[in-house]
Amino acid sequence: MNLLKELDQKTREDLGGELHRFAAELYPICRSITGNGMRRTLATIQERIPLETIDVPTGATVFDWSVPKEWNIRDAYIKARNGRRVVDFQKSNLHVMSYSIPVHATMRLSELRSHLFTIPEHSDWIPYRTSYYKEDWGFCLSHNQMLALEDGEYEVCIDSTLEDGHLTYGECYLPGRSTDEVLISCHACHPSLANDNLSGLTVATLLARFLRDLDLRYSYRFLFAPGTIGAITWLARNRKAVERVRHGLVLTCIGDAGGFHYKKSRQGNAEVDRAAGHVLTHWAEPSEMLEFSPYGYDERQYCSPGFNLPVGCLMRSVWGSFPEYHTSADNLEFIQPAQLAASLRVCTSILDVLENNRRYRNLSPYCEPQLGRRNLYHSTGGKTIEADINARLWVLNLSDGEHSLLDIAERSGICFSSLSEAADLLFHNGLLSAVPDCAQQRVADVDASRAESLACTSASH
Amino acid sequence: MNLLKELDQKTREDLGGELHRFAAELYPICRSITGNGMRRTLATIQERIPLETIDVPTGATVFDWSVPKEWNIRDAYIKARNGRRVVDFQKSNLHVMSYSIPVHATMRLSELRSHLFTIPEHSDWIPYRTSYYKEDWGFCLSHNQMLALEDGEYEVCIDSTLEDGHLTYGECYLPGRSTDEVLISCHACHPSLANDNLSGLTVATLLARFLRDLDLRYSYRFLFAPGTIGAITWLARNRKAVERVRHGLVLTCIGDAGGFHYKKSRQGNAEVDRAAGHVLTHWAEPSEMLEFSPYGYDERQYCSPGFNLPVGCLMRSVWGSFPEYHTSADNLEFIQPAQLAASLRVCTSILDVLENNRRYRNLSPYCEPQLGRRNLYHSTGGKTIEADINARLWVLNLSDGEHSLLDIAERSGICFSSLSEAADLLFHNGLLSAVPDCAQQRVADVDASRAESLACTSASH
Amino acid sequence: MNLLKELDQKTREDLGGELHRFAAELYPICRSITGNGMRRTLATIQERIPLETIDVPTGATVFDWSVPKEWNIRDAYIKARNGRRVVDFQKSNLHVMSYSIPVHATMRLSELRSHLFTIPEHSDWIPYRTSYYKEDWGFCLSHNQMLALEDGEYEVCIDSTLEDGHLTYGECYLPGRSTDEVLISCHACHPSLANDNLSGLTVATLLARFLRDLDLRYSYRFLFAPGTIGAITWLARNRKAVERVRHGLVLTCIGDAGGFHYKKSRQGNAEVDRAAGHVLTHWAEPSEMLEFSPYGYDERQYCSPGFNLPVGCLMRSVWGSFPEYHTSADNLEFIQPAQLAASLRVCTSILDVLENNRRYRNLSPYCEPQLGRRNLYHSTGGKTIEADINARLWVLNLSDGEHSLLDIAERSGICFSSLSEAADLLFHNGLLSAVPDCAQQRVADVDASRAESLACTSASH
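Protein chains in written order, with this note's numbering: chain A, 1 to 461; chain B, 462 to 922; chain C, 923 to 1383.
For reference, chain A alone in the conformation it holds in the complex (with noise of 0.2 angstroms):
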């Protein structure tokens, strides 16, 4: 099955228009790694995919860390002495410092100052500002709010709780013929910020619901949680889920009108890292690989030394690199339609990749089989070979046992899904058998592939 013919068919015509209506409904929400907010957005999203939410109490200990407190927030205002809030929680919830403990105090502007975060190079922007692991309350406003503030007594106000309650994630899981899975994750823990990450939030929703009424290959997990503490707190809580995990992608800031990047995992040559290259190399505009390093998103959990996944991390512009990044700008303009849209194409192609890389084995290895017979070879009386016929010739030759498609890509230059075809029309011609796939063979009819059984071990090395 071609997944991406398959989203083409499925999916309504206007699929960006759809990621970009349900980003919008998700942007007001105010989330944090903990709270009200996350819950709502997680309620959203069970709108759309079965999604199972998981409550972990605070203090409870993941790995090294314990989990947070829970923080809710009601409003928040800066308030002059004629009574206008100057700074107002209900016009964006990036006003206020995430994890502000609750303050209700009169201050002098030279006092409130060191709790003020603002951008002097762009006046215009509010910043977005957190202080999960320090008690601490601050606000944040554009630079312009601040300059026409006033000497002056001002009316500080948090409403807000920081107290113990529950941390809590989502996850769906779609099985597969293989109880192998494919992790997809993204990081649902910011407010009002829609490449960072509605983007991933809302492209990952909907692939789910394009895959759930699929028969695939893999299992799918997809995680919504909070950045860091929700993967730590995922993965101390997942070991056996967690071996499982075959390939993986965590999925940031794919709504920009950016180019892709696709960061490496930690082996740096994972099946998926391939995939993604692939897919990458083919797509007609311009991208990126990135070598692995330990600092970015939650792969760097994924691969940690420990459980060193092969998940890599999906981007278009890379968080950091991009001035709107974690500011006001990062705005529902600043995310559109056609580029969630094509984000979603590519992580389906990618997993289009995952799903239909396999070995085969030529049944007429000794000189080519006579493919004119078959109808399977059209001799164009030209100097060049037709290109479906080139992907035959190379899916031939070298499907020894060894080669996998993704090999064959590689090595010939060959867009993946051309290869994929080629097989399935030489697999029904009689010219391939298909190389049992280790992962597959758990919950496959082990009689089918016994005599092929051998291979699987020798292919797997």
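Where hints are given, some of them may not hold.
[To be verified] Below are the EDC-like pairs computed for lysine to aspartate or glutamate, each with C-alpha atoms no more than 20 angstroms apart in a straight line: (1) A:K134 with C:E1308; (2) B:K595 with A:E386; (3) B:K530 with B:E624.
Because the hints were derived from the structure by calculation, they are not lab data.
Got chain A sorted already, so can you dock chains B and C onto it with the hints?
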């Protein structure tokens, strides 16, 4: 023995002229994959070298294929109402599509048109067409010829036969000290096309004539056979010989003015690939190494996954890449004596590497031996070392029983023949021992090399 | 211990000046591969570091060579009929070809000419010539000097002796925690040539003086010996020590203004090669890594196939590549204090990598440890992570017992000293354990690292 020096001593002065005259003798013969043209071609080769010809009957099964009917042709024409032959096989055997079934009819131009083939972009050239596996008939003519045809009726005649008979190919086997073989293969099925492949046929023939009187390490097998079906037939009938092929070259299109191209074997790093790469790197004119692909000439069959033989393909211009390819413009002017002679020299240089590539062991491996007292080190007082001494130092330094001379050539950048000469000199001065060649050992005196037998095992990994 | 910081603390302010004054002291001595000049040179070094001098008698067999006669010279001149010395050994010891046999005769200029050597392209410079292994005599003079010679008779005198005696070399051995050795070797046989090789002698000497008071991982052996025959003699007489050489550097021509060049060992990827490559990559000035070749200085002997030691060669300008090489223009102005000091720093940096390169094991390998609560993670609120935290994350991520700090440096692009500092900090915070160094373990307390002993085995493969 330096094969290139040997060639320069042995061959007549006008090697290029001889090659070209030989091509001119073969040029008019109407060859196809079977039939009298092929047999006459082999007979012409037989005047120069010992050649066994093998006839395989129509219908014989060769792997997934069967030997086709034999095709012969006496005459063919399109005659205008005034009795003039407007297309005449006697003027060029390209005028008839190869394997055309017999036809004798009168028909209107409109009816005839679907059987006419031209090249509009090169209006004076006649195309070359075949229809081996689909019974059909056709005429090839220049576009100008076709434009000159007036409406009306024409007498159309192809006086051919397509009947049970034989496929014929020729083999020239030159026994060497080892039964391990070098295979030189060229397709001999094209009619009046000079570069494709009278260039290959003539170079291969005179190469065989040159080699037959020499005391060689390897045995050599020269194969002159129809493309595709000929190679398949030979492979199907010679499984034992196939196992002895250690190196091989397909020779195609090596008479034109283009730079050399070597297409690597499927293995990609076989000794013949490295030898060809080395020779072309040190060749005076620009050249190019091409990665393996499963489309091409008979390396397709030799490199099918069941065989995976170390056989590459040497070309000048790559077939299909020049406009004259498969047209009447691929004529005797398109190949030139000096180009044919240079191609023979390149082939000889590649074989020279294969013949002389061996491992040595430095018998004075702790520090440098004192070359000066052996008159092998003439200090010049200058600032640079002389090339011959540098070659000696490289051979001594890397001759640890693991590195072959070709390894040393690749690492040092020094041309193989200088290193081979240095090794000879050091060997005769008692500074090197030769690591026995596992291949050679089979036919050589085993006692003499018993002490080194373990090295042989380890050197072959 | 960071060796470079240690060097900066320990050495006097004017390290370059000290090196240059030391070179100036050695400059006038007439050195050759044997004789009093060599012994006086070693005595001068002995004033700075403990140095054992070894005398090997003429005729001693050292592998394929034998120790030559000892050469000494008192005076030499060419005297015109008016009694004036037109060429005078007292003015420059380069005027006499090294190893000139004694001569005292009167001869015409025409007869004398074949014994005179000049450099026509640099008419003021005196060339440097030797004739160690062929008995001969000669004078070197500037081309202008020769042009000024009038026809007529000259008194020619070389008051030298070439007799049975000794070859002398010096060794300075600094024991470290492990008996595994780092070998620093420089040729000490050239007369008044500054870059070649007073630069190497002086840098090596002060490097040894710096290292002798430190508690070092490796033992260090500094070798001051005549080129070629000295290294051969040492290798022949020290087979046990040779087995302990884990890393080595030949120091040659490291005082001139050229950029650094490091010539790799025959192994090509030895730890010292990688350490030097790393240091030069991060060095402020342009530098170049050179592949191994079997011609050069004493790395030729250390890297002969029987030894194949991991010994590279550090240079500034490559010998033979600058016009002053082996001429009187390689004088004290050609080497400069700042250049000598920088060379000593580069050597120290390379040794710093070797001393501190080890493997660690992350004791919190599942997800990242929470650095924040250990005050090891100061979030800046900015968009980029600070360099020191980044180094910590890299060390934690790759410290799986397999990757050494140098591996991490190469993969991350971060300089070794930052990673080493990060590792120290993490180690002292209980986040890392050190994988025992197999070398060190031999002399260290075995019990302490018993638990890790298997790791030691696997890490050394």
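Status of each hint after checking the structure:
1. Note on K134 of chain A and E1308 of chain C: the hinted pairing holds, with a Cα-Cα distance of about 19 angstroms set against a maximum of 20 angstroms.
2. A threshold of 20 angstroms between alpha carbons decides the hint, and for K595 of chain B with E386 of chain A the separation of about 19 angstroms falls inside it, so the pair holds.
3. Straight-line distance between C-alpha atoms of K530 of chain B and E624 of chain B comes to about 5 angstroms, which keeps the hinted pair within the 20 angstroms bound.
Hint compliance for this structure: every hint is met.
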